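Colleague: Given only the sequences and the hints, what does the whole structure look like? Please build it.
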Amino acid sequence: MKTIFWGISALLLFAIIIGWNTYKSYKPTPPELEMTVDSQKVEVKATTYSLRKWGRATAADSNTDPAVFVREFPPIMVNRNDSINMQFEHSPISVTCYLWDMNTGGLAYKSLDGLPLNLAQAKVSSGDYAMEIRAKWEVGYALYNIRIQVNED
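Position 55, counted from 1, in the sequence shown is what numbering that gives the first Met the number 0 calls 54; the numbers after and before it change by one each time, with no gaps.
I should point out that these hints are in silico values taken from the structure, not numbers from a laboratory. Do not take every clue at face value.
To be verified - Pairwise CB distance ranges (calculated):
#1 N150 with E71: 36 to 46 Å
#2 V41 with L12: 39 to 49 Å
#3 D152 with G104: 21 to 31 Å
#4 D100 with E42: 20 to 30 Å
#5 K44 with D100: 19 to 29 Å
The model shown is predicted, which means the values in this text are computed figures rather than measured ones. Think of the CB as a built atom: it goes at the ideal place given N, C-alpha and C, for glycine as much as any other residue.
Modeller: Next up, the structure:
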């Protein structure tokens with residue numbers, strides 16, 4: 000009987016140690032984002048985020064203007080009438096997009112809402128833009144940046 004007790008105690012202690020080590024090393028990560036434009040799929044990584052889950056927190060701050068951050072990346076070609084679909088790993092509470100002019104670095108269009116995003120409906124003119132996607136969840140927020148080239152149809 001003592002052997003069974005010590006065996007169960009050892010297994011329980013082992014499970015607690017494994018669980019604690021897993022919890023201690025856990026860091027929340029921002030959900031992945033897949034953008035689809037005219038059947039072209041692009042993965043977009045979060046550049047800035049702050050998340051808290053299971054008592055653990057993590058944060059990253061690119062501290063760079065979106066136009067500067069994406070300058071070296073090739074733009075995704077988008078027609079004004081194309082719909083931009085965004086598929087997150089976990090559905091956010093809210094998504095808001097901002098377009099920054101690549102030439103001036105200034106904010107060109109703010110608070111573009113709605114999924115899928117319709118640029119013609121938002122009256123976005125053709126040009127080279129850094130798109131900042133701000134997504135919010137109950138556990139925090141994340142900002143994603145990508146470069147897009149908007150063309151007339």
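Colleague: Against this structure, judge whether each hint is valid.
Modeller: Do the hints match the structure? See the list:
1. Roughly 21 Å separates the CB atoms of N150 and E71, a value that falls outside the hinted 36 to 46 Å.
2. The beta-carbon spacing between V41 and L12, approximately 48 Å, falls within the hinted interval of 39 to 49 Å.
3. Between D152 and G104 the CB atoms are about 27 Å apart, so this pair conforms to the stated range of 21 to 31 Å.
4. At roughly 24 Å, the beta-carbon separation of D100 and E42 lies within the given 20 to 30 Å, and the hint holds.
5. The beta-carbon spacing between K44 and D100, approximately 22 Å, falls within the hinted interval of 19 to 29 Å.
Against the hints set out earlier in the document, a violation occurs for number 1 only.
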